[in-house]
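Engineer: Starting from the known structure of chain P, fit chain G onto it as the hints suggest.
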Amino acid sequence: MSKETASFKLKNALTELDSLFKHVERFGKSVGLPKKQIFQINLALDELFTNIVSYGFTDSNSHWIEFSLSFDNGAVVIRVEDSGIPFDPVAAPTSGSVPPMENCKIGGLGLHIVKKMMDEIAYERKGGKNVIEIKKQVRP
Amino acid sequence: MEIIESKQNEINIFTLHGRLDSNTSPELEKKLVDAMEGGARNMVLDFENLDYISSAGLRIILKTTKDLKRTEGALILCAMQDYVKEVFEIAGFDSFLPIVPTVDEAVSKL
Numbered sequence: 001m002s003k004e005t006a007s008f009k010l011k012n013a014l015t016e017l018d019s020l021f022k023h024v025e026r027f028g029k030s031v032g033l034p035k036k037q038i039f040q041i042n043l044a045l046d047e048l049f050t051n052i053v054s055y056g057f058t059d060s061n062s063h064w065i066e067f068s069l070s071f072d073n074g075a076v077v078i079r080v081e082d083s084g085i086p087f088d089p090v091a092a093p094t095s096g097s098v099p100p101m102e103n104c105k106i107g108g109l110g111l112h113i114v115k116k117m118m119d120e121i122a123y124e125r126k127g128g129k130n131v132i133e134i135k136k137q138v139r140p
Numbered sequence: 001m002e003i004i005e006s007k008q009n010e011i012n013i014f015t016l017h018g019r020l021d022s023n024t025s026p027e028l029e030k031k032l033v034d035a036m037e038g039g040a041r042n043m044v045l046d047f048e049n050l051d052y053i054s055s056a057g058l059r060i061i062l063k064t065t066k067d068l069k070r071t072e073g074a075l076i077l078c079a080m081q082d083y084v085k086e087v088f089e090i091a092g093f094d095s096f097l098p099i100v101p102t103v104d105e106a107v108s109k110l
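In order, the protein sequence lines correspond to chains P and G. First residue of the first sequence: 1, per the working numbering; consecutive thereafter. First residue of the second sequence: 1, per the working numbering; consecutive thereafter.
The set of hints was computed from the structure by calculation and includes no laboratory data. Among the clues, some could well be false.
Listed next, with one range per pair, are the computed distances between beta-carbon atoms [as the list claims (entries may be wrong)]: (1) I4/G with S19/P: 25 to 33 Å; (2) D18/P with K31/G: 27 to 35 Å; (3) D34/G with S60/P: 26 to 34 Å; (4) N49/G with F8/P: 47 to 55 Å; (5) K69/G with E133/P: 37 to 45 Å; (6) P98/G with S68/P: 35 to 43 Å; (7) D94/G with K9/P: 34 to 42 Å; (8) K31/G with S60/P: 22 to 30 Å.
Derived list of chain G stretches under chain P, where covered just means 3 residues or more per stretch with a C-beta under 8 Å from a C-beta of chain P [unchecked claim]: (9) 16-24; (10) 30-42; (11) 48-57.
Straight-line C-alpha distance at most 16 Å; calculated EDC-like pairs for lysine to aspartate or glutamate [said to hold, decoys possible]: (12) K29/P with E66/P; (13) K36/P with E5/G; (14) K30/G with E5/G; (15) K115/P with D51/G; (16) K116/P with E86/G; (17) K36/P with E86/G; (18) K115/P with E86/G; (19) K22/P with D51/G; (20) K3/P with D72/P; (21) K35/P with D82/G; (22) K66/G with D104/G; (23) K35/P with E86/G; (24) K63/G with E27/G; (25) K7/G with D94/G; (26) K135/P with E124/P; (27) K116/P with E5/G; (28) K35/P with D104/G; (29) K36/P with D51/G; (30) K9/P with E81/P; (31) K11/P with E81/P.
Computed from a prediction, not measured in an experiment: that's the story for all the values here. Where a beta carbon is used, it is the ideal one built from N, C-alpha and C, also for glycine.
With the rest of the complex left out, here is chain P (with noise of 0.2 Å):
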């Protein structure tokens, strides 16, 4: 089975959000996934990115964020790594399937949400990097 990789990397900011999506689009489309796990594997790395983005650098310098993304055995890999304060989403708590309606505290909804649309996610810190993988099993 043929084996498919891409990989960039994107400065810590939110207006990079445009190129990931472009990024995640033409990877997905160069292995033939759906628009449907297009959108979900968007959404997750979005949420990841914009976790690290919004909280991962204490300090205002620009940081890279990479990205590499493989296809294999119909599954779809996809590595994040930050040098920023450590984080494991793994552990982190997740707002649940049913926010609060009442009271605004539903941090974690984000993470909640890459839970769901991926089957797999690891963390492990590494040589001053949060490496993070996530697995989606590619279903026709």
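Structural biologist: Relative to chain P, chain G alone:
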């Protein structure tokens, strides 16, 4: 993201085009807050041409729903694409937010 505002029987209708994410949601939030400050009580968000929503967009919608409740107003969402609707379902937002198929139906409920 493009937002078009219109008014029908004292109901503010916002037609959204494009993507609602953490980069574009402040723009929508500002429009909704401005409308509320201008006295808007009942609102419709038309999602027919909205291609994408993330949790940042959901947050604005939750906040607006609560703000409008306080003034005895309401927010109704309509014409959602399947992918977008699935995000509302995963977040559990479909349990307390009215989502209807068309703008006309939304307007008739307010």
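Engineer: When the hints from earlier in the document are held up against this structure, which numbers fail?
Structural biologist: 2, 4, 10, 12, 13, 15, 22, 25, 27, 28
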